[in-house]
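Protein chains in written order, with the working numbering: chain A, 1 to 483; chain B, 484 to 838.
Don't read these hints as lab results, they were simulated from the structure.
Just so we're clear, the structure is a prediction, and the values are computed from it rather than from any experiment.
We put the CB at the ideal spot given by N, CA and C, even for glycine.
Each hint should be verified, as a subset may be incorrect.
[Said to hold, decoys possible] Examples of chain A residues lying across from chain B (beta carbon under 7 Å, computed):
| # | residue |
| --- | --- |
| 1 | Pro198 |
| 2 | Tyr281 |
| 3 | Cys289 |
| 4 | Ala430 |
[What the hints assert, rightly or not] Computed cross-link-like contacts, EDC-like style, restricted to lysine to aspartate or glutamate with a CA-CA straight-line distance of at most 16 Å:
| # | chain 1 | residue 1 | chain 2 | residue 2 |
| --- | --- | --- | --- | --- |
| 5 | B | Lys557 | B | Asp749 |
| 6 | B | Lys704 | B | Asp825 |
| 7 | A | Lys92 | A | Glu106 |
| 8 | A | Lys475 | A | Glu449 |
| 9 | A | Lys175 | A | Asp206 |
| 10 | B | Lys514 | A | Glu276 |
| 11 | B | Lys721 | A | Glu182 |
| 12 | B | Lys535 | A | Asp309 |
| 13 | B | Lys559 | B | Asp752 |
| 14 | B | Lys556 | B | Glu747 |
| 15 | B | Lys518 | A | Glu276 |
| 16 | B | Lys556 | B | Asp746 |
| 17 | A | Lys146 | B | Asp515 |
| 18 | B | Lys518 | A | Glu345 |
| 19 | A | Lys209 | A | Asp168 |
| 20 | B | Lys518 | A | Asp309 |
| 21 | B | Lys721 | A | Asp206 |
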Amino acid sequence: MPVMEGKELRIVGFLCNWCSYGSADTAGVARAWQPTDLRIIRVPCSGRVDPLFIVKSLLNGADGVLVAGCHPRDCHYSAGNFYARRRLEVLKRFLPVLGINDARFEYTWISASEGQRWQQMVTSFTNRIHALGPAPRFENATPLPKVVGMALPPSSRPLGTGKNAPLDDLKQGIKEKLPDLECVIGWQRGYDGVHTAPLFMKIPEDVEKLVWGPFNVANPAVYLPKFKGKKVGIVVKGCDSRSVVELLQEHLVAREDVTIFALPCQGTLDMSRVKEKLGRYTVVDNVVCDETEVIITVDGKKHRLPMNDFAQVKCRLCTKPMAVFADTPLGESPEVEIATHVPPELALLDAMNLDERMAYWSGQITRCLRCYACRNACPMCVCRDYCVSDSRDPRWMTQEADVTQKLFFQAIHALHLAGRCTGCGECQRACPVGIPILALRQQIARTVEELFDDYRAGFDPAAVPPLLSYEVEEKSIREREWK
Amino acid sequence: MSAIRFVTSEGLPTFLARLSRNSRVLAPVVKDSPKPSVMFEPWRESMPVILKKATVPPKDAVLPQCESLFVYKKSKNADNPENVALHLDDTAHATPTVIFACRPCDARGFAVLDHPFLDGQFVDPYYKARRERLAVITITCSSGCNTCFCHWVGGGPTSPEGSDVLMTEIDDGFVLQSITDVGQKLLDATDLSDGKDAFPKVEAARKAAWTSLVPAPDIKKAPQNIAALFNRESFWQKHASSCLSCGACTYFCPSCYCFNITDEGDGFDKNGGRRLRSWDNCMSSLFTREASGHNPRTMKAIRMRNRISHKFSAYPRNWGNFSCSGCGRCIGNCPVCLDIRDIVQDAVAVADSDV
Ligand code: SF4
Ligand code: SF4
Ligand code: SF4
Ligand code: SF4
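The shape of chain A in the complex, shown without the other chains (with noise of 0.2 Å):
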């Protein structure tokens, strides 16, 4: 039905059968006078309501979207509602980020008797979608044409090129477990020395090819489920640890089934900045670590990188530089000095507006190829071959090169990752168009720490990820008031 034109809006509203839409009911039993700018999609229960619904109808052209269940406890499934109520409130406060307002999208709790109390919110809700007016669309904004340099955020510690890590002794330590393991993941040289590439380690000989270092920017925790059920053993940096962890916490692996090996790390580069230092090259003659900067020669030329300037963001801003827990450790953790900083792919955005935001994502995502690199790079993004964002039934996204179907799946990327994500970097960094997408990420790690508890994924196998969860009383959410 085509909406009227300049009178009425797009109002969605999800909601449950039991409660919320026995409210409406009621209320039009009664004969209460009701907006007509709803359209009402009956749902079992609130937890049905998955968040991405929402960010479907905001991209798509709903001005606002409200979401009732039944009020907590009285849920008929139990806990639909807990669990609703975890999930909305982390979409809530990852909307903004993105350049939607935040007050175009609202959930609440109705029972099925409070027909007045329905038609009160119903009516407020409409007239602050009213007072909001039509949503500003992806599709229409202007891209942003100049995004400010990010400041550096200040080291949590003293970076370095880890050449005196013992490597040796790793070796060795592989060596001695290999015969009980199906292989060992770890990183070898890649097709010049300033990359590296994955390294499975089978037998004895290919431990030789196991370097350690700067270079070492890849995950190796994404390989880890599809080896579920296996014995398998595998390097890790500090980062790539907690991704191993969260993967224990989700049960993807056995903690019988792996075996951790670790040294402690100095910070890893940032290659888009090494590329960028040491430009067009045909050979790499040299590669030569000193304690802080690692000095490369290309075609002749040679050039520094002290780590304090090349390292990743996520290396200066990295509180676990040594494993959360290991099988074989080498080496102490150095000290940390523990600053919240905000990482600046996220401060970047806190300093705009709603629409500049939504003007810098419509500039930056249009790159996007779809090629899911990000995902695919992603430890935690485990459904791979069967990817909503790929799926025709249900649809969740058209084949459309625009604006909204991108910027749609970095939604899903990062929904799906609320309170799993543990920021290793690896989507950002895997996108070859350089979309700085870490920022959602970010910004729903942020939330999840503020409301549960200071809560990051990876750090404790036995922790319950949050949003798989829930509390009768939650301590950090507030039910709005209405108005």
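Since the structure of chain A is provided, determine the placement of chain B with the ligands on it from the hints.
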């Protein structure tokens, strides 16, 4: 006789402005981001002239990431609602386009695409419409780079294949040499000065580019040898073990051309429904999933075999040349640094040692 013209660096914006009068000019643009990338975008006056090799090849100009093949509208007969009339609009739309500062490898990509889309049993009308309205101005490379290997696969830093005009930088500007009639007309329509006198410098620059390359191995036997390894699963497993099955290698490739076709909309609303053609890639498991649910290529090793065999064995058998132009993007963009050069070389060596 080809046209040879000269333009100074300062003269380039005027040249581009002139070209933009009749065509959309796609030129490299550096995108502002934490990790800078270079994309082809419509040129507008006041944009800086960038000559860098683009992160994404200009393949989109002939084979868009997603295009609407046709629009369908359905309408019900008021007297007999069972009777639905279908209206199809399949006009092939194409804007006259000039690609400026293409690289020889990317231009060769167009030559690769031409065979299957234009020279087979069926001509693709959408591709044809765009290709016929396309002119390619290619800047020759002054050196190779760490990932590119154009000279392994029949091209080179100064290869003219797929280009209409070759542009070479000399000390005080650029010499433009037409390669095709299209290129000649394009240059004749400009007021650029004659560049014949500077041509010796061009030849010297091109020669220097070739001498800067690391010598290429001989991969002439790749078509037979790769075919011989078709059933050796262990070979493909070895080379695909680190692959993440993403599409970075194929979507950034100037010569990959696989696509998917999907319909959006039932056709009853006022905008009609659209049949879309969008890029697809053989590294994804879904690429071969059949309607029945059966999937002949669930293993990534077998999908890797497909990518390599298509480029270095099947396509050459059909069309005579490799369908890889050696741009190196699949290597440089791969999140895990997988190197197609290694696989091809290893295939050549392994199959040889078998005999
Ligand atoms: S985030 Fe920490 S553990 Fe990971 S690479 Fe950087 S310094 Fe090392
Ligand atoms: S979403 Fe990105 S940062 Fe988070 S776990 Fe996945 S790859 Fe790492
Ligand atoms: S984006 Fe979501 S559905 Fe897709 S692979 Fe990742 S977690 Fe799975
Ligand atoms: S890696 Fe980058 S280009 Fe590829 S799908 Fe992800 S955001 Fe898009």
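> Taking each numbered hint in turn, which are not upheld by the structure, reported in ascending numerical order?
Replying inline: Of the numbered hints given earlier, those the structure breaks are 3 and 12, listed in rising order.
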